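Visitor: Given next are the chains, with one letter for each unit.
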Amino acid sequence: MKQATTVERRRNLQVVYDFLKRVKARTSPIPSLEEGNYRMREGFQRFAVELVEEQNPDKSFLEVAREPPESASFFTGSMQRTQLIGHIELEGHEVPLHYVIVSSIILHREKRVFHAWKSAIKNEYILAPLKFLPEAEKVKAEFSGDLPVTLNDTGGEELNYTQLRIAAVNRARDLKWETRHDLLAMWREEEGVDANKLNIINDSLLHTDNNELKENMVGFLRMVYVPFENRDRLSNHLMLDEFQRGQLFKIIDPEKPENTKYSWFLRMRQIAKSEPEYGLIRLEILAQNDDEARRRADDFSCLMVRERFPVTFPAPEWDKLIFPHKLCDQYLSSLVPSSETIQSYFLSE
Amino acid sequence: MKDVCKYPDYVNFEYGPIGKATSTKDNPNTSAEFHFWIADGVDTLELGNIVAACTADGHVTFGTVVELRTVMDIDNFLSDYISHDFGNPDVVPPSDIAEMMVAKCVVIKSTTERVRPIGRAETYYASETGVAWGLGMLDFAGAGRGVPIAVMENGDGTLIPIFLDDEFLVGPEGSHLNMSGISGLATKTSLVEFLLKSILDTMVRSERRRVCAVFFNVKGKDMLYLDKPNPQYEEDDAYTNKCRQMYSKLGVELVPFENVRIFAPYDRRYEGHTKSFRRDGKVEHFIWELTEIVEDIPELFDKDTWDEGVEAVWVDIRDQIERQPIRSYDELLNYLAEERRVLSNAAISHWHGHDKQVYYKSAKNLEALPGLYDGLVCTGGVDEVDIPLHDLHNGSIFVIDIQSLNDRGQAMVFNKILKRVYRMLLDKNVKKDFDTAIFFIDELNKFAPRDTTVHAPIKQSVIEICARGRSLGVSLFGVEQFMSQVDRQVVDNSSTLIYGRTGPAELMTDQYAWLDADVRNRLTTIPRGTFLLKHAKFVQPVFCKFPFPSCVPGDQYEEEEGLAAKREAATAFTFKRDI
Numbered sequence: 575m576k577q578a579t580t581v582e583r584r585r586n587l588q589v590v591y592d593f594l595k596r597v598k599a600r601t602s603p604i605p606s607l608e609e610g611n612y613r614m615r616e617g618f619q620r621f622a623v624e625l626v627e628e629q630n631p632d633k634s635f636l637e638v639a640r641e642p643p644e645s646a647s648f649f650t651g652s653m654q655r656t657q658l659i660g661h662i663e664l665e666g667h668e669v670p671l672h673y674v675i676v677s678s679i680i681l682h683r684e685k686r687v688f689h690a691w692k693s694a695i696k697n698e699y700i701l702a703p704l705k706f707l708p709e710a711e712k713v714k715a716e717f718s719g720d721l722p723v724t725l726n727d728t729g730g731e732e733l734n735y736t737q738l739r740i741a742a743v744n745r746a747r748d749l750k751w752e753t754r755h756d757l758l759a760m761w762r763e764e765e766g767v768d769a770n771k772l773n774i775i776n777d778s779l780l781h782t783d784n785n786e787l788k789e790n791m792v793g794f795l796r797m798v799y800v801p802f803e804n805r806d807r808l809s810n811h812l813m814l815d816e817f818q819r820g821q822l823f824k825i826i827d828p829e830k831p832e833n834t835k836y837s838w839f840l841r842m843r844q845i846a847k848s849e850p851e852y853g854l855i856r857l858e859i860l861a862q863n864d865d866e867a868r869r870r871a872d873d874f875s876c877l878m879v880r881e882r883f884p885v886t887f888p889a890p891e892w893d894k895l896i897f898p899h900k901l902c903d904q905y906l907s908s909l910v911p912s913s914e915t916i917q918s919y920f921l922s923e
Numbered sequence: 005m006k007d008v009c010k011y012p013d014y015v016n017f018e019y020g021p022i023g024k025a026t027s028t029k030d031n032p033n034t035s036a037e038f039h040f041w042i043a044d045g046v047d048t049l050e051l052g053n054i055v056a057a058c059t060a061d062g063h064v065t066f067g068t069v070v071e072l073r074t075v076m077d078i079d080n081f082l083s084d085y086i087s088h089d090f091g092n093p094d095v096v097p098p099s100d101i102a103e104m105m106v107a108k109c110v111v112i113k114s115t116t117e118r119v120r121p122i123g124r125a126e127t128y129y130a131s132e133t134g135v136a137w138g139l140g141m142l143d144f145a146g147a148g149r150g151v152p153i154a155v156m157e158n159g160d161g162t163l164i165p166i167f168l169d170d171e172f173l174v175g176p177e178g179s180h181l182n183m184s185g186i187s188g189l190a191t192k193t194s195l196v197e198f199l200l201k202s203i204l205d206t207m208v209r210s211e212r213r214r215v216c217a218v219f220f221n222v223k224g225k226d227m228l229y230l231d232k233p234n235p236q237y238e239e240d241d242a243y244t245n246k247c248r249q250m251y252s253k254l255g256v257e258l259v260p261f262e263n264v265r266i267f268a269p270y271d272r273r274y275e276g277h278t279k280s281f282r283r284d285g286k287v288e289h290f291i292w293e294l295t296e297i298v299e300d301i302p303e304l305f306d307k308d309t310w311d312e313g314v315e316a317v318w319v320d321i322r323d324q325i326e327r328q329p330i331r332s333y334d335e336l337l338n339y340l341a342e343e344r345r346v347l348s349n350a351a352i353s354h355w356h357g358h359d360k361q362v363y364y365k366s367a368k369n370l371e372a373l374p375g376l377y378d379g380l381v382c383t384g385g386v387d388e389v390d391i392p393l394h395d396l397h398n399g400s401i402f403v404i405d406i407q408s409l410n411d412r413g414q415a416m417v418f419n420k421i422l423k424r425v426y427r428m429l430l431d432k433n434v435k436k437d438f439d440t441a442i443f444f445i446d447e448l449n450k451f452a453p454r455d456t457t458v459h460a461p462i463k464q465s466v467i468e469i470c471a472r473g474r475s476l477g478v479s480l481f482g483v484e485q486f487m488s489q490v491d492r493q494v495v496d497n498s499s500t501l502i503y504g505r506t507g508p509a510e511l512m513t514d515q516y517a518w519l520d521a522d523v524r525n526r527l528t529t530i531p532r533g534t535f536l537l538k539h540a541k542f543v544q545p546v547f548c549k550f551p552f553p554s555c556v557p558g559d560q561y562e563e564e565e566g567l568a569a570k571r572e573a574a575t576a577f578t579f580k581r582d583i
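If you read the protein sequences in the order shown, they are chains A and B. Under my numbering, think of the first position of the first sequence as 575, with each following residue one higher. Under my numbering, think of the first position of the second sequence as 5, with each following residue one higher.
It is worth saying that the hints were derived from the structure and are not from the lab. Treat the numbers as computed from the prediction; the structure is a model and nothing was measured. A portion of the hints provided could be inaccurate.
Claimed, not checked - Label pairs and their calculated CB-CB ranges:
1) G91/B / G719/A: 57 to 63 Å
2) L82/B / L909/A: 40 to 46 Å
3) F90/B / D768/A: 32 to 38 Å
4) Y85/B / P850/A: 37 to 43 Å
5) N785/A / A43/B: 49 to 55 Å
6) E752/A / L82/B: 35 to 41 Å
7) G188/B / S908/A: 46 to 52 Å
8) M797/A / G91/B: 28 to 34 Å
9) D79/B / E849/A: 17 to 23 Å
10) E849/A / A509/B: 25 to 31 Å
11) D768/A / L82/B: 33 to 39 Å
Glycine included, every Cβ here is placed at the ideal spot set by N, Cα and C.
Make the full structure from the sequences, and use the hints.
Guide: Below, the structure written as structure tokens:
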């Protein structure tokens, strides 16, 4: 089995290596991931905020008055890993080439125990700015089809080295969303019909159209930076108490108002002398109307407060990372070679 | 995997995979060991099981599970404490922390000749054939040299017969067996009884060897009822039935021993004339005359009593014994009395150049000896009766009951019998109907102690037997509570080592350093009827189980009413010892 896995990995990396040779690039891998080097552009600027509630509800969601009908039994995690592996020289400029692995998994929780729902989806790509790649069309044709690693365009309009690296990270995010989308489409068909089975997705739903989502899908975001229009209308969510949820608001895409989502902040945990974003998450859902959204915001806040245990300490951002999503991350990490392995491969070739 | 495997008979594919081999930065697999995680729902695997790791190239690597660890997805205790709402055990978090069990195995053998660590491999229980091949039993058992000793119960419930190679059990390639373990669990004696039954059954049946056994009963009634059936087998409980199954699996007959003769020192007070707890007339007595014990007399006294002056006098007394000659102990006592009478003349200050007082001391010692070793030395007109070692024959067992003697007396009898049988085997001119003799002695640490400051008159004899006996057909089965207290040469020369339940302090000695920590820990708690076996032909030790012996354990046998009182009286002259 290991041999088979090793052969597969070698074969995949060999494809990447063949590509580098084909475009006369030099191998120059770095061990760090581009996601850690560059901040992804959120792409949230075009969204606008519309308040559903004027104030943050003044109640704690630790004690539940009633059991919500829904149960959080599915958890979706996705991963992207973008690694710089080589460069080509073009008109005196360095053009970066990347190796990208994206993957998604849904874990099913039954009686507190997890199993993978179906299997994870994993895709691998070579990212190159086709605009600046000699014989781009020909090369693209050669590195597509049945190959385990296919060529994809990094994007990027100008021959700016740093911008091209940022573009690679953003492109990888799009590819990750595509992978997640494929997996969620399957889940929606098979499991999503049961409205009481919630799927907590470890990412934003804003970039997915509502007709591709279901009301039992919940977006779970650890990043609470909100660069939306009208964001000044939100009360200060950084002041939320422990187990308190923030005011409910709608996030509207002016170009596609039918894709409106409801959202709110929730303080999962609080400790003395913590920084303002400690334990603070943002949730996104779909709802038919404001009343329904308000009810579900209450229910889901209760559910999420429960999910603060077991804690994921000492994982990064453990104050916001719920255990099932940590398992998703571990599952996906186990599917891919380490960045050191990839670096070693290209250094040795 | 079954389709890929080149040796499907070696693997229990029917049970299904029990895990998958894996390695990490901190726990890499090596050519000597590998790790595998245990599949969800497999709750039968335990320490000592033998597993088969099947690699994609079709080869199978066998390993013994020597360590089991559970791992939870928790980095530290604090995080779990917090997860229970800061220390509330009643809190049930919505997610169960992922938990897994990892097994560490030491490699026994691999079907590939290349010595290298295994990588990813599906892990199964080894089949009976696989275990036999992995431990190398197929070779010698196939050649008719296998002596069944016990069964190994693998995690899949299979009872796998474990054989010893007779060429390494009783020679000539290797020999001797050493067994240690705390007393009171009926493991050591019972196992020896079972093993002896197995040896005799196997070898007498195969006619490859002619084996006899000499057992020394050094305490209680341990070995006195080998010829009596074990009443345990009248029961119909689950464990007894399992024992029957073991007999069947191992091909050993569930009947008590035949051809057993028991000998004990002479007792002038009891009508049966034997100093033995067995009083049904089965025991024969023995008692030796001066000529038989004259060489051993100095060893029957401690250093303070038998000092250099006494030794010098003894040289002259021995000279007189040979010159006159003095043939019996009674004659010796008369001679000493006459010499003392002469010395009573105040004008005489020396005897044969020795100080008179030293002579007196020597004579007093020799006069006291029959009392000290009552029943061993002929006095008062009792005729000598020797143990008829020439009657030893193929399949026969002599039990020498020396529990009534003190340590020095026991040592003398043991050494004497051992040397005589040794000489019989050495002398090709002596007619005998056996070519292999097995000696069993409990509390071996008394006869061959590791501590060099302890007086051990026969230690060198025992070491010599252990070093050279295998080529002659003399095999020593020694038992003790603490292996660390037995001379290293005795242990190292034993091709078969058996460990019963052992105390933690003993396990900290270097004798056990080669065992994995978990295996050592398990030795502190293994139940009755279980032991750890290390045999010269096995790469790794094996945890085994053996059935109740076919004969009644001595300490469980009650003779008919009325004899209990006599037995109680007999304890009056029995030396106190740890039983």
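Visitor: What hint numbers does the structure not satisfy?
Guide: 2, 4, 5, 10
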